[in-house]
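*Asks:* Read top to bottom, the protein sequences are chains A and B. For our numbering, count along the first sequence from 1 and bump the result up by 1. For our numbering, count along the second sequence from 1 and bump the result up by 1148.
Treat the hints as calculated values from the structure; they're not laboratory data. Be aware that a few hints might be false.
Facing chain B, from chain A, some residues (calculated, C-beta under 8 Å) [claimed, not checked]:
(1) E73
(2) K170
(3) P189
(4) I192
(5) F193
All C-beta atoms in this analysis are idealised placements derived from N, C-alpha and C, irrespective of residue type, glycine included.
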Amino acid sequence: MKIVVCIKQVPDTKGGVKFNPDGTLDRGAMLTIMNPDDKAGLEAALRLKDQYGAEVTVVTMGLPKAEEVLREAMAMGADKGVLVTDRVLGGADTWATSTTLAGAIRNLEYDLIITGRQAIDGDTAQVGPQISEHLNIPVISYAQNIKIEGDSVIVERQYEDRYHVLKAKMPCLITALSELNEPRYMTPGGIFDAYKQEITVWGRADLKDVDDSNLGLKGSPTKIAKASDKVRKGAGEKVTLDPDESVSYIVDKLKVKHVI
Amino acid sequence: MDFTLSKEHEMARALFKEFAEKEVKPLAQEVDETETFPRETVEKMAKLGFLGIPVPKEYGGQGCDPLTYVMCVEELSKVCGTTGVIVSAHTSLCCDPILTYGTDEQKQKYLIPLAKGEKLGAFGLTEPGAGTDAQGQQTKAVLDGDEWVLNGSKCFITNGKEADVYVIFAITGTVEKRGRMQKEISAFIVEKGTPGFTFGTKEKKMGIRGSSTYELIFTDCRIPRENLLGQQGKGFNIAMHTLDGGRIGIAAQALGLAEGALETTIAYVKERKQFGRTIGAFQNTQFQLADMATKVEAAQLLVYKAAMKKAEYASNPKISYSVEAAKAKLYAAEVAMEVTTKAVQLHGGYGYIREYDVERMMRDAKITEIYEGTSEVQRMVISGALLK
Chain A
2 MKIVVCIKQV
12 PDTKGGVKFN
22 PDGTLDRGAM
32 LTIMNPDDKA
42 GLEAALRLKD
52 QYGAEVTVVT
62 MGLPKAEEVL
72 REAMAMGADK
82 GVLVTDRVLG
92 GADTWATSTT
102 LAGAIRNLEY
112 DLIITGRQAI
122 DGDTAQVGPQ
132 ISEHLNIPVI
142 SYAQNIKIEG
152 DSVIVERQYE
162 DRYHVLKAKM
172 PCLITALSEL
182 NEPRYMTPGG
192 IFDAYKQEIT
202 VWGRADLKDV
212 DDSNLGLKGS
222 PTKIAKASDK
232 VRKGAGEKVT
242 LDPDESVSYI
252 VDKLKVKHVI
Chain B
1149 MDFTLSKEHE
1159 MARALFKEFA
1169 EKEVKPLAQE
1179 VDETETFPRE
1189 TVEKMAKLGF
1199 LGIPVPKEYG
1209 GQGCDPLTYV
1219 MCVEELSKVC
1229 GTTGVIVSAH
1239 TSLCCDPILT
1249 YGTDEQKQKY
1259 LIPLAKGEKL
1269 GAFGLTEPGA
1279 GTDAQGQQTK
1289 AVLDGDEWVL
1299 NGSKCFITNG
1309 KEADVYVIFA
1319 ITGTVEKRGR
1329 MQKEISAFIV
1339 EKGTPGFTFG
1349 TKEKKMGIRG
1359 SSTYELIFTD
1369 CRIPRENLLG
1379 QQGKGFNIAM
1389 HTLDGGRIGI
1399 AAQALGLAEG
1409 ALETTIAYVK
1419 ERKQFGRTIG
1429 AFQNTQFQLA
1439 DMATKVEAAQ
1449 LLVYKAAMKK
1459 AEYASNPKIS
1469 YSVEAAKAKL
1479 YAAEVAMEVT
1489 TKAVQLHGGY
1499 GYIREYDVER
1509 MMRDAKITEI
1519 YEGTSEVQRM
1529 VISGALLK
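Construct the entire structure; sequences and hints are all you get.
*Replies:* Next up, the structure:
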């Protein structure tokens, strides 16, 4: 089985968010992490690899520095990495991004494509389903459990108050939730091995069956008028305690903060 | 000279840091308070290969360099000195001598499960009458047919009761050296569960209270002849060489403790208010922090340099890293003691309270000036090389 996992390097929300003058994110200037939903998608792929045997290829589109997130995925156990990077692809919205990723994936063999449900920087949840449209394959979104049965995949799709069990013939695309699993850690040896491996780097010229008018900032129907960082508040802390315990807990906290 | 870490090392550090923050830090206070060996954490580390970082892949390890291993002990110790020393004693004092001196059969039988973390390792050199003076050993090993028979005891053994495989030193005879009769010391691999191998009292310690520190007792303990590690009579050299590596691990533990105390203190002085200002706004605090940070970084450079020297040794065994290891341990341990003490002082009364991490860090730091060669021994090693 061959699995392609789309991952994205996103700003670490613990660090500051910086913008370009055109309102897009200044990705080069921010601390970054692997998007949490994508990481869950990767973990799901790696578990399928552990259980059924599979070759896992991770694909990302981004700045050359996005190579880091591919190395991280490979240090977790992915077999191959593909970086799609080109100046003309910059500033892409979900349409241009999904067009680009589909153009890259057309060069790869796959039975299953897994993407995260959505990225924490855009929160659109559009790229995964759009890729499936471009590639003309079925999509099952919001996966909370994935099983393989013959040439089909059986997925529990999370819903607000229930879940749906859906079966689809492969190849198909699944979008994963960060609640799907607890992603594994890298291993020290895995990190050094990941840096010894070659990463495939593709530019515009390597994308298959895509039109320039659908790529980059120019090919993006979405125009950002203005973007701003939200006013930061403390993350807060939730605890569930009895009333008596709550009082002493709060008093302790206030003491630690030297309020009382 | 390039002081920039490679991307691989940066990523490895990020891994160790994430693991330490998520899996180790939440347990650190309880581990200390209840003197509990963090077995579950050790199992998690085993799964991730943290117990065989510098061991070659062919022997079940991760195949990384000593620097990666050092960063692991450093990051673990930033949040929990106990967890740091468990990894250090296992890796430096048990895996390393078997890797360096073991036969291929010994490596297959012992090193592979140790490096995979299926088994935990320990090292027994110290005896009630033989600490810094390793020649004061009393434990004896006598060859009887195809077995060595061990009699004696070892004390203050880290990972004591939790380990499965022990590298043990014992007298196997006497030899004449420069006209004087000296004890001939040899090294052995002893498995837990061997008849005649029992445990004495568990030590109640000032710091690193979750690490399992026990007395090991050997009473007519018979081990197979092939469990002699290295050549007969070379035990003293094996012990000293092993401790050179061990000192880098302890230096990393000391470094981590100092860094942890510094980070905790920086966060504290930004919050704690006195006289209407955060205490970080006072110049005394600022100058103390400046001194602490400078010393911590100097310690880090010495520790990393020693690790790099050990890496060189892997490709050229003629190189010695003994002096580098001694300098790293001497300095990092003294910095750990100084920085954790200052951290407690900057925390004021709260620093003396068990709820605050710096209280534990100061207690944990003290041992780094004592075990695997006291600071005085490190000074002997360093000056000995200067005056050779």
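*Asks:* Now tell me if each hint is right for this structure.
*Replies:* Each hint tested on the structure:
no.	hint	in the structure
1	E73	7 Å, holds
2	K170	35 Å, violated
3	P189	5 Å, holds
4	I192	5 Å, holds
5	F193	5 Å, holds
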